[in-house]
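Novice: For reference, the chains in residue letters:
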Amino acid sequence: MAKLDEFPTGERRIVQVGQRTIGVFRVGDRFYAMNNYCPHMGGPLCEGRTKPWLSSAAPGEFVLDEQEALVACPWHGWEYDLATGQSFLGPGEPPARAYEVTVERGTPERIAGGRNGRRPGPYVAETFPVHVEDSYVVVDTSSRPVAAGAAGGER
Amino acid sequence: MHCAPAALGDLSQYLEPYWRTYVHDGGVHLNPTQGGAYPPVVLTGATPASVEDLRTELLDPAGLRTAILNCTASFHCNRNPYYEAALTSAINDWLVGEWLPRDDRLRASMVVPTLDADAAVAEIERVGGHPGIVQVLLPVRTDVPWGNKRNHRLLAAAAEHGLVVGLHAWGRVGNAATPTGFTHSYLEDYLSNSQMIVQAQVTSLVTEGVFTRVPGLRVALLECGFSWLPTLLWRFDKDWKGVWREVPWLDGRPSEVVRRHIRLTTAPAHLPRDPAQVRQALDLLDLGALLMYASDHPHVHGDGGDRLLAALTEAERERVTGRNAEEWYGLA
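Residue numbers (the numbering used here), protein chains in the order written: chain A, 1 to 155; chain B, 1 to 332.
Everything labelled a hint here was simulated from the structure, so no lab data went into it.
Here are the simulated lysine-lysine pairs, DSS-like style, with alpha carbons at most 30 Å apart:
{"#": "1", "chain 1": "B", "residue 1": "K149", "chain 2": "A", "residue 2": "K51"}
{"#": "2", "chain 1": "B", "residue 1": "K241", "chain 2": "A", "residue 2": "K51"}
{"#": "3", "chain 1": "B", "residue 1": "K149", "chain 2": "B", "residue 2": "K241"}
{"#": "4", "chain 1": "A", "residue 1": "K51", "chain 2": "A", "residue 2": "K3"}
{"#": "5", "chain 1": "B", "residue 1": "K238", "chain 2": "A", "residue 2": "K51"}
{"#": "6", "chain 1": "B", "residue 1": "K238", "chain 2": "B", "residue 2": "K149"}
Build the full structure now, drawing on both the sequences and the hints.
Specialist: Take a look at the structure:
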């Protein structure tokens, strides 16, 4: 979606992929990608501020991590882990969809993944695994397993 | 249940000579009916002023195993912090001297000055270790919410002594009767005391992180209703999700914090008439696990309490009328 040297650390790009938009974030040398759609109410998640983790042992104490790790939806402030899409608002809250990002050598054509002259079409339906559990049909909307961001040093 | 000295004279022997003259010279009165909190001809009997009264009126006829005395007579004390400290000490000595030794079913809530946290801590250290004292009784109407940082040492001192902190309806008439300010009508005052102010106190205690600072703190909400709790917590959880960074010490859903640290009493019970709807109201928050039976004797709040007990399952009734309070107050 972009050349590495045109994507400085601390920046983000929001790109159109078919009918949906995906936010790609660079934090240090790591890249993260997330569906620009907040599972809470459908807000433009990737337009929100990125934030470090924050912890506190007692009232009045604030310990802020150095590294950005979360993105907060600009509508209601719900925060999601950039690497996994996991929200930390308690059990039962749906995760945002995270995408894997890799750095590859080569031309834009190769990255687009054309094969035998055919190119992937613009329409991709989002699918989720379905299984039967205790006589219930369960649709799994948890994020797909993803590495904790891909290293981006190679050119 | 309530008890109160019939008049300030009952406390004379527990007041230093200076405060006896202060009471006399200043025309200071003590109103056993919570500063006129109840209408003058309301159908509540006189507040029991002796163990004998209490035995005949309630302990024996109701067959109670254990009863906790709550004396709110100091709630409407004037704003002299030194007098308030003397008055609350006198009430505590009166409870320890004239009530607790006379019936082994009795336990008591101690009272503390509300204008001076240092004096309150000192009073908890003075009498909080008495085996019959199980609670520190605080008025739900205050200058600042109880969760405010300036009150943390008072709450911590209670927890260190293994005492529950009880927030009870009413307080000074000089404190606003609602969370947003003063009113002119008794109607607003009465309505607010039974369910509105307490919501501001719960919000304060949870938000200000006092349960993080004092993990052993247990709070009981007394005579403040309970059926308002599910809606408060639903919205509390929701809003916390978006703005948790402001209060990062609040490290779980507010509803979970409340479940760990707060219990509520059954009187008054603001409940519908339809038993099925009563059941639905209870199921909104598993209230069978959070409620503790209170007679609120001698105050009468109508038949809401009976409707509540009728809607409970056998197991819930056993918890609400006994085990919940035994566990919370360490009575077993």
